[in-house]
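In the order they appear, the protein sequences are chains A, B, C, D, E and F.
Here the first sequence stands for residues 11 to 264, numbered as in this note's numbering.
Here the second sequence stands for residues 11 to 264, numbered as in this note's numbering.
Here the third sequence stands for residues 11 to 264, numbered as in this note's numbering.
Here the fourth sequence stands for residues 11 to 264, numbered as in this note's numbering.
Here the fifth sequence stands for residues 11 to 264, numbered as in this note's numbering.
Here the sixth sequence stands for residues 11 to 264, numbered as in this note's numbering.
Be careful, since some hints might not be right.
The list cannot tell twin chains apart, which means a pair is met if one copy fits it or any two copies do.
DSBU-like mimics (lysine-lysine), calculated; alpha carbons at most 30 Å apart, straight line [to be verified]: (1) Lys-128 x Lys-195; (2) Lys-248 x Lys-168; (3) Lys-105 x Lys-171; (4) Lys-105 x Lys-248; (5) Lys-171 x Lys-57; (6) Lys-128 x Lys-75; (7) Lys-168 x Lys-195; (8) Lys-248 x Lys-171.
These aren't lab readings, by the way, just hints derived from the structure by calculation.
Protein chains: 6
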Amino acid sequence: MVQIKDMLDVEQTIRPDGRAVDELRPVRITRHWTEAPEGSVLIECGKTRVMCTATFTQGVPRWRKDSGLGWVTAEYAMLPRATSERTDRESVRGKIGGRTHEISRLIGRCLRGVVDMKALGENQIQIDCDVLQADGGTRTASITGAYVALADAVAWAKSHKMLRANRQVIRDQVSAVSVGVIDGKPMLDLPYVEDSQAMTDMNVAMTGAGAFIEIQGTAEHRPFTRAELGELLDLAEKGNRELQAMQRKALNED
Amino acid sequence: MVQIKDMLDVEQTIRPDGRAVDELRPVRITRHWTEAPEGSVLIECGKTRVMCTATFTQGVPRWRKDSGLGWVTAEYAMLPRATSERTDRESVRGKIGGRTHEISRLIGRCLRGVVDMKALGENQIQIDCDVLQADGGTRTASITGAYVALADAVAWAKSHKMLRANRQVIRDQVSAVSVGVIDGKPMLDLPYVEDSQAMTDMNVAMTGAGAFIEIQGTAEHRPFTRAELGELLDLAEKGNRELQAMQRKALNED
Amino acid sequence: MVQIKDMLDVEQTIRPDGRAVDELRPVRITRHWTEAPEGSVLIECGKTRVMCTATFTQGVPRWRKDSGLGWVTAEYAMLPRATSERTDRESVRGKIGGRTHEISRLIGRCLRGVVDMKALGENQIQIDCDVLQADGGTRTASITGAYVALADAVAWAKSHKMLRANRQVIRDQVSAVSVGVIDGKPMLDLPYVEDSQAMTDMNVAMTGAGAFIEIQGTAEHRPFTRAELGELLDLAEKGNRELQAMQRKALNED
Amino acid sequence: MVQIKDMLDVEQTIRPDGRAVDELRPVRITRHWTEAPEGSVLIECGKTRVMCTATFTQGVPRWRKDSGLGWVTAEYAMLPRATSERTDRESVRGKIGGRTHEISRLIGRCLRGVVDMKALGENQIQIDCDVLQADGGTRTASITGAYVALADAVAWAKSHKMLRANRQVIRDQVSAVSVGVIDGKPMLDLPYVEDSQAMTDMNVAMTGAGAFIEIQGTAEHRPFTRAELGELLDLAEKGNRELQAMQRKALNED
Amino acid sequence: MVQIKDMLDVEQTIRPDGRAVDELRPVRITRHWTEAPEGSVLIECGKTRVMCTATFTQGVPRWRKDSGLGWVTAEYAMLPRATSERTDRESVRGKIGGRTHEISRLIGRCLRGVVDMKALGENQIQIDCDVLQADGGTRTASITGAYVALADAVAWAKSHKMLRANRQVIRDQVSAVSVGVIDGKPMLDLPYVEDSQAMTDMNVAMTGAGAFIEIQGTAEHRPFTRAELGELLDLAEKGNRELQAMQRKALNED
Amino acid sequence: MVQIKDMLDVEQTIRPDGRAVDELRPVRITRHWTEAPEGSVLIECGKTRVMCTATFTQGVPRWRKDSGLGWVTAEYAMLPRATSERTDRESVRGKIGGRTHEISRLIGRCLRGVVDMKALGENQIQIDCDVLQADGGTRTASITGAYVALADAVAWAKSHKMLRANRQVIRDQVSAVSVGVIDGKPMLDLPYVEDSQAMTDMNVAMTGAGAFIEIQGTAEHRPFTRAELGELLDLAEKGNRELQAMQRKALNED
């Protein structure tokens with residue numbers, strides 16, 4: 011880490027929005043943003059704004075019945091004008107696109123990665139992440155915000171006697187952040203303008219203990235070396251530690 | 011239920027939320043709520059919260075080409091946890107439900123009712139109304155908020171030289187409000203708890219000049235008389251006049 | 011168009027088809043038009059021709075089970091060449107259009123408005139309205155014809171001991187008619203040629219007792235005043251009284 | 011069943027409806043049944059009742075452009091209560107079933123089999139066959155009725171100068187009839203009650219010249235021999251000759 | 011085309027691939043081609059290559075429950091590059107085309123035609139025929155190959171005690187072959203190049219006993235006479251006898 | 011399970027199929043497996059068997075027109091009985107599942123990662139990967155096989171003068187392999203039985219130069235540390251080097 015910071019300090023790279031290469035955009039996590047859901051969080055990472063809700067329901071889908079285990083699943087979507095050009099609604103087109111499917115599955119896996127399904131019992135938590143405004147990093151913001159909504163939903167279930175208070179349903183925190191290589195330079199937390207010019211793009215979900223839940227690195231435009239991978243993971247670790255601090259802070263404010 | 015009924019029986023009817031029968035819920039209209047759309051409004055009517063965006067694009071759909079006329083259309087949707095029980099996404103179900111279709115069409119007609127298509131020229135404005143939280147009156151809140159977003163989009167197009175500044179594209183204001191008969195008593199602006207027990211339910215869209223753009227009254231549970239219709243329209247007129255004052259106030263704050 | 015306009019200007023307005031402004035088109039109601047359904051009606055209003063069937067089945071949809079209540083629902087559709095230009099089948103397009111949804115829901119609400127669900131018990135009546143030829147007023151003809159099919163299906167169920175003979179399942183008649191303002195003049199029962207030039211268009215469903223079940227007035231092209239609303243409702247009342255007489259006549263002929 | 015079987019055992023087989031084994035059900039062909047289509051025919055074969063329309067449009071689908079050839083296509087559908095049990099609409103289910111597809115393709119092939127695509131030029135004729143009431147033989151009735159609608163549409167196009175009067179677009183007549191083996195006995199024109207107990211079932215489309223356009227024989231329940239095939243084709247020839255006489259008679263009545 | 015035509019004119023007709031008019035293409039039937047299915051067959055008829063699998067499952071679809079009868083069904087599909095031009099996947103288009111439906115139903119009927127549903131008991135066999143390479147005759151190759159997969163699945167079920175060993179579930183063999191008239195000459199087993207120029211095209215499924223299960227003859231381009239039908243059936247009988255010998259040979263090799 | 015676990019405990023870990031932890035399953039790459047496609051490869055990795063075809067077409071999708079750049083895209087699918095239990099066809103269900111979408115996108119990105127879109131010019135290559143038999147690692151086998159099909163399609167285009175011979179369209183090789191942690195032990199190339207018990211599962215696509223195109227590591231069941239990541243990448247590098255040698259060998263055999 012120190013090495014990277016040192017290297018980065020020499021050139022003193024400045025990004026379009028004035029951030030240092032290892033600096034997150036301003037993050038704001040608003041809990042209880044709407045009243046109906048068991049967990050409802052608005053997360054803002056720079057201009058990216060995602061509404062994350064967690065729905066707790068007793069019982070599990072049929073294929074999971076009588077297993078004694080719970081289930082956590084996620085759905086991601088973008089409002090039509092989250093983006094600078096309007097995108098048609100998937101409901102109107104009558105089918106879900108590949109990108110939506112891919113991201114929904116990613117979010118679901120990350121959250122399941124920190125939930126003890128046995129402790130959850132035969133209950134289901136459905137996560138919905140709806141992007142109100144998109145400026146890069148919507149999938150990682152979704153994961154980070156969804157964790158807080160999940161924590162609130164579990165707390166709600168405990169306070170409503172749907173889960174025993176002493177069960178440790180959530181085994182660890184989880185947050186995620188994007189990193190990428192732009193113009194040969196590894197950087198943390200890419201907004202859209204950077205993301206679209208990145209040669210390599212990686213999303214990293216980490217636990218509070220510092221282990222990985224999911225790594226997705228893609229280099230459609232220029233393959234990346236193992237050394238670059240190392241640098242990217244260093245940045246991602248730094249970003250995730252900071253995001254997790256904000257998650258904890260938000261969850262302590264009640 | 012019993013409590014509400016009892017309350018309604020007293021001379022001076024007081025509603026569950028303490029309002030008088032002819033009183034609107036608190037309304038808040040926030041313009042420029044997101045940055046990407048040409049018009050972006052968050053409208054809050056009590057707990058009902060709808061994000062209304064207006065997308066201005068040059069050109070019209072194929073069937074409208076070479077007519078010299080513009081087009082305005084609308085799409086309405088609810089986020090899964092806008093409601094107390096989670097509703098499945100229409101994108102996941104692969105089809106749009108009848109209610110969504112019905113409301114989208116209503117919103118589109120109401121806005122077209124105040125737009126001069128010749129003045130708009132061959133340009134299109136797409137309205138998106140996404141309900142973030144639903145507590146009754148989501149379709150009327152959508153119309154009221156969408157009008158403000160529409161006005162902003164037209165102003166944007168003028169300032170970007172896509173419409174000539176002196177064209178009067180918008181002929182009049184439009185707002186909408188719900189009214190209904192509960193326990194024999196006509197009332198203004200029903201939240202969910204009242205809406206679900208209303209015998210008659212009516213949505214009324216009016217222009218600034220006080221004429222009707224759309225009246226939809228439905229009495230699945232008990233037919234209504236012409237006298238009741240008159241009382242409901244009186245309430246709706248009062249409500250719409252107040253909503254229009256708020257629209258004007260919002261549009262004057264820049 | 012010019013011809014029509016000129017005709018409308020004269021004192022004694024005569025319509026393209028020679029009717030007075032408050033005159034219905036010729037109506038013919040043929041019961042038992044096909045043999046399979048429990049109720050089967052062909053209704054003809056001028057050139058508009060709709061086949062209305064009522065299917066009586068024991069049991070209700072799952073969400074209604076164990077409520078002790080029945081259910082009435084409706085589906086509306088147009089054959090491809092009901093219109094002068096062929097319209098693609100919704101089955102081929104793979105989805106139901108907004109207009110179809112909107113009208114199906116309207117028909118369903120109107121019929122439910124006169125059915126006592128408790129008296130119907132846990133039975134379902136499905137109404138199908140298929141437009142064989144369309145010349146304006148297809149949705150109102152559907153409601154008027156569907157009522158007769160519904161009455162036949164209830165009678166069938168009673169004669170087959172699926173409903174007790176003394177239960178009053180149908181509380182009142184219901185019929186519907188369109189009215190509109192053409193060139194400033196309110197008129198009753200608009201055929202396609204008039205409907206397409208109407209500034210205001212309203213569909214009114216009434217009970218035999220003269221109360222409203224549904225009012226849908228839309229003024230995409232020119233808002234309407236409360237005075238015009240009054241005149242339109244007068245015409246609609248006259249039209250509905252006449253339609254109800256024809257319904258009763260048809261039901262008495264066995 | 012037993013009764014029918016017993017009846018069939020007697021020397022002079024009499025069918026449930028009193029017909030001889032080689033006798034068609036009563037056929038009625040009504041031309042100009044609705045006004046909008048270029049060809050509109052109601053065909054009734056016993057209780058089976060199909061509305062056949064032909065839509066003539068200038069131009070051909072894209073894949074056929076600049077070929078100098080025309081195109082004829084067909085769509086078949088059943089109204090929900092054409093049958094004794096209501097069948098769900100394919101538009102509501104969101105997809106077309108295999109049976110519908112199979113029959114639509116059959117009808118299209120049969121009509122194309124008698125049309126000279128060069129003489130038709132780059133014009134399209136769309137056939138719609140909507141079954142209003144089904145009592146067996148709906149696909150063969152559709153073909154027989156559609157031929158008459160097709161002939162009317164071609165005549166319409168000629169009288170409207172969209173086809174030159176001297177072009178022989180239709181090369182020959184086409185009609186179709188079902189035959190089947192019931193209880194070992196070949197029979198002509200099966201209504202539903204017979205069709206459902208047939209071991210072998212065959213649909214035969216023939217030209218006026220007596221050649222075959224399509225033969226579809228299926229023996230899910232008991233294979234058939236070549237001798238039986240011969241007998242079935244004899245019956246089909248007789249039936250088709252009679253149907254073609256009725257087609258000619260209908261077309262001569264104007 | 012000219013070359014082929016010239017060749018066909020000579021006394022001893024020789025086909026593009028050198029075969030006599032009554033000669034099958036080389037056939038290869040490979041059993042146990044994959045390991046997972048209860049029956050798995052690769053059938054090659056010339057260049058046409060179809061993977062046929064049979065899935066045996068205990069229980070039947072809901073509509074068949076408590077009937078004591080089994081069920082056999084089939085699904086046919088083509089891989090995108092089975093053909094010389096790539097065809098879009100039906101999964102991507104979101105719906106199954108008419109041709110696929112038609113062929114799937116044909117295969118299902120042919121196999122059901124030789125299965126004793128009572129002997130099968132309440133078990134289901136699902137046939138999947140996936141065309142890996144298409145050079146004409148894919149539907150008939152599917153039927154011929156599927157029969158072998160079906161036989162293997164029944165044997166598997168017997169050896170796994172899911173069917174009693176002494177039950178004769180399969181009553182007879184079934185195979186299918188295409189025949190057609192090219193340039194006035196009836197021919198057996200048409201590859202794509204011949205199929206596309208055939209005036210008449212017929213698919214004939216026969217049992218080992220020599221009876222017909224299904225005959226589908228279509229003559230979109232030139233009607234066929236009864237004499238031609240006879241010749242085509244002669245060729246089809248010869249072809250099917252040879253195919254059945256190959257099926258038996260394959261089933262004897264274990 | 012117990013047996014496997016015990017085996018893994020011994021010093022020299024032996025896997026269920028006898029392989030060492032860093033050993034690939036036997037791989038077979040068959041080029042020109044079918045004749046129609048421009049590239050057609052059957053790849054077998056143990057029992058996993060995938061048919062990979064590459065379709066070369068001139069021109070690009072509309073959104074890419076006039077860019078001077080080519081396009082490469084991929085679609086992945088499984089035949090219904092590739093798996094031990096039959097899975098329903100996505101064409102029958104009417105929609106593509108999330109897993110299919112996710113894998114199709116992965117394959118597309120990996121191949122685009124080694125193609126020079128400028129050198130390809132405005133041409134498109136569509137990759138189809140159809141899994142005939144699935145035993146783990148189907149997505150990585152697809153990538154490895156698709157690369158060979160892609161190379162053949164490019165060679166085909168050059169020999170057919172659709173690409174200039176001296177253009178280096180393919181910049182590098184690409185192959186992919188799965189690695190995972192089972193019972194704490196990193197292993198290479200997991201078959202289904204191992205994959206289903208892996209705590210961490212990673213797919214790694216590498217170029218011939220040893221750089222990464224895509225890394226997807228997921229740890230739904232137990233997060234993984236950076237040290238484990240290192241070990242997994244070492245295994246993946248070894249596997250990919252071996253797979254690339256086999257790709258080269260296959261491409262040299264003509």
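Q) Checking against the hints above, which ones are violated? A) 2, 3, 4, 7 and 8
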